[in-house]
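Protein chains: 2
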Amino acid sequence: MNMILLSGGSGKRLWPLSNDVRSKQFIRLFKDADGNYESMLHRVYNQIMTVNPDANVTIATSATQVSAIHNQLGEDVSICVEPCRRDTFPAIMLAAAYLHDELGAGADEAVTVCPVDPYVDNAYYEAVNRLEELVNRGTANLTLMGIEPTVPSKKYGYIIPESREPVSSVKEFKEKPDREAAKLYISRGALWNAGVFSFRLGYLMEKAHSMIDFTDYRDLYARYGTLEKISFDYAVVEKEPSIQVMRYAGEWKDVGSWNMMSEVMADRTKGNVTLDETCVNVNAVNELDIPILVMGCKDMVVAASTDGILVADKERSGQMKPYVEAIRTDVHFAEKSYGTYTVIDAQPGSLTIKNTMKAGHRMSYHFHELKDEVWTIVSGTGKTIVDGMEQTVRPGDVVTIAAGCRHMIIAETDLSLIEIQIGTELSLKDKIMCDL
Amino acid sequence: MNMILLSGGSGKRLWPLSNDVRSKQFIRLFKDADGNYESMLHRVYNQIMTVNPDANVTIATSATQVSAIHNQLGEDVSICVEPCRRDTFPAIMLAAAYLHDELGAGADEAVTVCPVDPYVDNAYYEAVNRLEELVNRGTANLTLMGIEPTVPSKKYGYIIPESREPVSSVKEFKEKPDREAAKLYISRGALWNAGVFSFRLGYLMEKAHSMIDFTDYRDLYARYGTLEKISFDYAVVEKEPSIQVMRYAGEWKDVGSWNMMSEVMADRTKGNVTLDETCVNVNAVNELDIPILVMGCKDMVVAASTDGILVADKERSGQMKPYVEAIRTDVHFAEKSYGTYTVIDAQPGSLTIKNTMKAGHRMSYHFHELKDEVWTIVSGTGKTIVDGMEQTVRPGDVVTIAAGCRHMIIAETDLSLIEIQIGTELSLKDKIMCDL
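Going down the list, the sequences are from chains A and B. Residue 789 in the working numbering sits at position 241 of the first sequence, and the numbers go up by one each step. Residue 927 in the working numbering sits at position 379 of the second sequence, and the numbers go up by one each step.
Everything labelled a hint here was simulated from the structure, so no lab data went into it. Keep in mind that a hint or two might mislead.
[Stated by the list, open to error] The calculated lysine-lysine pairs, modelled on PhoX-like cross-linking and capped at a C-alpha distance of 25 Å, are:
(1) A:Lys818 x A:Lys579
(2) A:Lys801 x A:Lys724
(3) A:Lys801 x A:Lys579
(4) B:Lys846 x A:Lys869
(5) B:Lys869 x A:Lys818
(6) A:Lys724 x A:Lys702
(7) B:Lys869 x A:Lys846
(8) A:Lys801 x A:Lys846
(9) B:Lys979 x B:Lys884
(10) B:Lys703 x B:Lys801
(11) B:Lys703 x B:Lys869
(12) A:Lys869 x B:Lys818
(13) B:Lys846 x A:Lys846
(14) B:Lys579 x B:Lys906
(15) B:Lys818 x B:Lys846
One chain only, chain A, in its complex shape:
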């Protein structure tokens, strides 16, 4: 089975733990079987591979997420990178072309598109696997999975089936109705649209070529920036007369708010947090290394990272978006392929950054045009290359890197370094890659 896992979004719905470069699927609040923290991405990927060890999973994502995905899933995972952000139609087209032209998947093979962020159990992916059989029967061009609603929610799209059979053709779609309409739809057997679609790869390639002028994956990649921003639902699903839906009645949670996250996170608190015994229904996540003390609070979420601190009534936290958009949103934390990047001090003219690196990993060889850097190794050992000169470094060693000077570091052991950037313009974009 071919699967395209859509890892999108730069949402702020789980701010301050999610930001422009860390989508919610990278936040580690779940736990694996060994009790280690894992992210939604990790959880979903593991569930898929547990249920179907032969699944061919390709993650469709944007360039900003590639480092975090490698950090969490390793270097071997298959990733189809959008050169810039478009909507789900271009992203799925690009991934389909990648499967077909780069990975050699056949036109008759089934492909299933899944979002990366539902909170479900393994039974969900067993159901996803059955979509392949439905596709192979050829009774419809598109096969969807619909979730049996538990409440008349206004947050989801509804699929109205022709019948209440386990698999039915689809009559129509209704986007985010009001509560009364949702009740009516549910009474008629409607299902939540979980964003899971299956189809023959050939079906989608024909669609793609009929709608976009391109020869193959590389050509599509090259012209990606010229593509219209349009969703897969709008471009394909709503126009397709031959769609069937399979009902799914198991647990399904959309972890799109702190209120929902607090229901499913592994522990009531994570990090250096003390809740006094008068706290009721409080969840707290602390990524800072300073302690948080919560006393006498009820129905609240507290979340802290170097990007900000949220203190909110759980219900109210769902209304966070305009407030977060109004406050400063410099990215102060990012997962890199080599480890983590955390801004620990920001002043006009300087940034101080703590970089942690995993043993065996390296930063890319690059230089900056407008900023000088000072690296001080504070733990571990490694090797720096500065303008071609190699040097072994250990705690206390200082490397000064003037603007224009090419540099990189390779961690021999786990390594931590404090990087001080000096300059009047300190943009993440001032980074020019070069060859060793």
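Here the structure of chain A is known, so what remains is to put chain B in place on it, guided by the hints.
Same frame as chain A, but now just chain B:
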């Protein structure tokens, strides 16, 4: 008038803004006439000097507070430093000896001891000034100021006067009674003990010499560590038969909890804080440079510094002490005579510190035995002296200081530097002063 301002305490009642070296009187949450933030110390000192520009104020304090006092009140303020912590009796004795033997105050002069932390208006210090006249009449050995109670509080000591006259001799003292007893005392005209005492300097010097074997201030200073820890109330007041009390009915608040502080702080929030419009009776203070967003909260205080983050129901915050004592209490922020010291990253084997320095100020010349340091100047200009060698420094300059190497820096303009300490033992005590 001679005044001894007792600046004691290393309390955690306003944690995380107060810590072992920053007592609550140094926190800047009030505002002066020009709208600039000021601390309790600053406010009280200004009130005293406004009401009585000729007041001879000496601040009795411990060595850990000297830098912060100079930072806030300048270098010229008179300070009597306890070489180690004893209780209020030794502290007041030392300050009295300092006035007598170092500043030349006469035995017949009146001295008034005041705490540094009441929240009052200028009328309070006008009343304090009148204590001098009462002392000069010679009708009692000790003259106290008592506050008219507004509620039968269990938090304060009560003074029971002989009569309800504006000035009355004192019948007895009652320490922190239960509510019923407090009501009874109040019905009999009792007053709260505000910790304000006046006396002839000679009276106290006689007491001191009768109870402690010493010749003069310097001798007392030298043997200070051998003195018994004992409060002034216990050692002097409770044993003195000749005491009078003056009633004071103006505003008086003991800012000893976040609940009380939130009533008197100048603004509802300070620092980078957003309260959404559904917050009710919420105060928030943010000393971090990352944003805080508070949503849907009621009757709460949020306070954040590099020492920690408090999120508490206001009433409940009064019970903070055991929780704060149980969590890590490394000092991550301190006011220094030159500016501020803020730990921005702590790892095993390293500390990263942001030092801000005011123009014209300097660090003392010193060295460390067990740690190496790397200084990177990130703003401003200054001059470093390292093992006697002078160097002008500006942003981007790096100074590496191996253990044993003497060093200091003088800020020519306002200056900011990132200091990275490397070593297996990183104690504040590893600091050996030396002469230039």
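Compare the distance between the alpha carbons of A:Lys818 and A:Lys579 with 25 Å, and conclude whether the hinted pair is satisfied.
-> With a Cα-Cα distance of about 11 Å, the restraint between A:Lys818 and A:Lys579 holds, given a limit of 25 Å.
Take the C-alpha atoms of A:Lys801 and A:Lys579, compute the straight-line distance between them, and say whether it is at most 25 Å.
-> With a Cα-Cα distance of about 17 Å, the restraint between A:Lys801 and A:Lys579 holds, given a limit of 25 Å.
Is B:Lys818 within 25 Å of B:Lys846, Cα to Cα?
-> holds (18 Å)
B:Lys846 paired with A:Lys869 [C-alpha distance capped at 25 Å] | Answer holds: B:Lys846 to A:Lys869 is near 21 Å, not above 25 Å.
Hey, B:Lys869 versus A:Lys846, does the alpha-carbon distance stay inside 25 Å?
-> holds (21 Å)
Hey, B:Lys703 versus B:Lys869, does the alpha-carbon distance stay inside 25 Å?
-> holds (15 Å)
25 Å Cα cutoff - pair A:Lys724, A:Lys702 = holds (5 Å)
Is B:Lys703 within 25 Å of B:Lys801, Cα to Cα?
-> The given pair, whose Cα atoms are some 12 Å apart, holds under the 25 Å limit.
With a cut-off of 25 Å on the C-alpha distance, tell me whether B:Lys869 and A:Lys818 pass.
-> This hinted pair holds, its Cα atoms lying about 23 Å apart.
Given the hint that B:Lys579 pairs with B:Lys906, does the C-alpha gap stay at or below 25 Å?
-> holds (21 Å)
25 Å limit on alpha-carbon distance, applied to hinted pair B:Lys979 and B:Lys884 | Satisfied, since the Cα-Cα distance of roughly 15 Å is no more than 25 Å.
Quickly compare the C-alpha distance for A:Lys801 and A:Lys846 to 25 Å and report which way the hint goes.
-> holds (23 Å)
Checked against the numbered hints listed earlier, the structure breaks none of them; every hint is satisfied.
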